[in-house]
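**Student:** Between the sequences and the hints, there should be enough to build the whole structure, so can you do that?
Numbering follows the UniProt record's numbering, in which position 240 of the sequence shown is assigned residue number 240; successive positions increment by one, without gaps.
By construction, these hints were calculated from the structure, which means they are not laboratory data.
Everything hinted at is true.
Mimicking DSS-like on lysine-lysine, the simulated pairs with C-alpha atoms at most 30 Å apart in a straight line are:
#1 Lys42 to Lys163
#2 Lys65 to Lys25
#3 Lys163 to Lys447
#4 Lys53 to Lys42
#5 Lys417 to Lys387
#6 Lys37 to Lys65
Each pair of labels, with its calculated beta carbon distance range:
#7 Asp56 to Arg259: 43 to 53 Å
#8 Thr380 to Lys350: 26 to 36 Å
#9 Asp56 to Pro282: 31 to 41 Å
For each residue, glycine too, the CB sits at the ideal point set by N, CA and C.
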Amino acid sequence: MTSFLEEELCCAVCSDFFKDPVLLKCSHSFCRVCLKKFWEQKSSRECPLCRRKSMDDPPLNLILKNIVENHLKHKNEAPEKTEAPEKNESHCSLHGEKLLLYCVEDQEPICVVCQTARKHRDHQLCPLEEAVEDKKVISSVLLIFPRGCYINLIFQSQHTEKKIKGEFEELHQFLREEEEARLTVLRVEEKEKSFNYPSQQVFWTEWSHRCRRLTSDPTASLTPACRCLCRAQCSLQDPELASGALIDVAKHLGSLKFRVWEKMLGTVQYTPVTLDPNTAAPWLSVSDDLTSVRYTGVYRQLPDNPERFTNFAFLLGSEGFNSGKHSWEVEVGDKPEWDVGVAAESVNRKGGIAYWPEDGLQVMTLRKGDEYEACTSTPTHLRLKRKPQRIRVQLDYDRGEVSFFNPTDMSLIYTFKGTFTGRLFPFFSPCVNDDGSNPGPLKICPKAEFCGIYLTSFVSQYSSLIPVPLPFKLHAILIPSSVTGSLSSYLPCILNSVHEWPQA
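**Tutor:** Structure below.
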């Protein structure tokens, strides 16, 4: 009963007893400070629980405030009043001794005689009072956790909603600016072509002047008027329009949506892999666009959901693969320590984990700035000719291969070979930064960027095989994002095209 009462006297935002509670129109109450912070983050005055809009300055819930203060007062006084009476100590039903110990394995209180019995021999024991206190702590945590988890869910939803609105606002702003720019071009063309033909202005000015003169005097004879009209018709010919005199409608409207969409593509980037913040350890911070992660060293109170790594600074990509070929690049920069690779969906996320394929990891690591390893059952030391700034991970699920490349020259670093069952997820760890020497993030590279690197690598690696100069700039070649093989696989078809080109 007391636990239920205390739960009702706790703020849903901070999960602590109400402090200066205020009452919203929806009848929910919150700490004034908690509600203010929530509204500032949300930028909207709504209830954290039901999202109903509320008044700007909610009134103090005086009744609730008094109830909380009285409850805390009696709670603090209770131990002093109960110290005098003798403790009600239970006794062992087998030996009649006081129950002073607690068996952790069997989860039951025992006496000093029971601890030597065969049933509890070699079991882990602790003082009964200590076990009772631990149980109280666990119970209080279990009572608070669902509420705290729900509040975290609300904040996640609101933050995601805010980001979605922000992303679409950028797109809307781009479309508004593009619309205004194209209308401006149309108006400029209209203005220029209107003033390019002064003869038209003379024609219409004189014609209007004569018509007004005819209609200004109703009593004028018809004969002069007719002669005037005849002269006007004879002397003023329809001016001939030069080429390009009209608005170029096709230029403005032809494939308009496609051209705007094509231009919009230049403002956005496609990332083949995004990070899953729900798998990130509490010490990791994932960027809002879900493309980079860094180690903060600050433990955050996050829900202990099944997907989350809790003991190591790991996280996974948001999408798992169970067939086909997939590749992504990770910018590691000058970080002295990092881990990248793939992890099985079944990998242990709550306890210890070994860095080898048998435990569901195919990972390449860097330690101490120059010690590269492929994490096999017996660590495989790797010797690299140059320190890569990026690592390309290539997964061929059907062939059971995970390969690592240096994108600068597309040189193969190492390949894991095996048989996969279940989904595989991109795996990342920026590693710890306790001494400040490893502060940088791991960042997933946009697809367009590493296509450019492939082309540069292709030139340096295969230029001797191309018999003729290229008749265009190589960066103009586009490689489909669906193709994930190494560039060497493109060589035959490219060379076939090269042989058909005329000599430059």
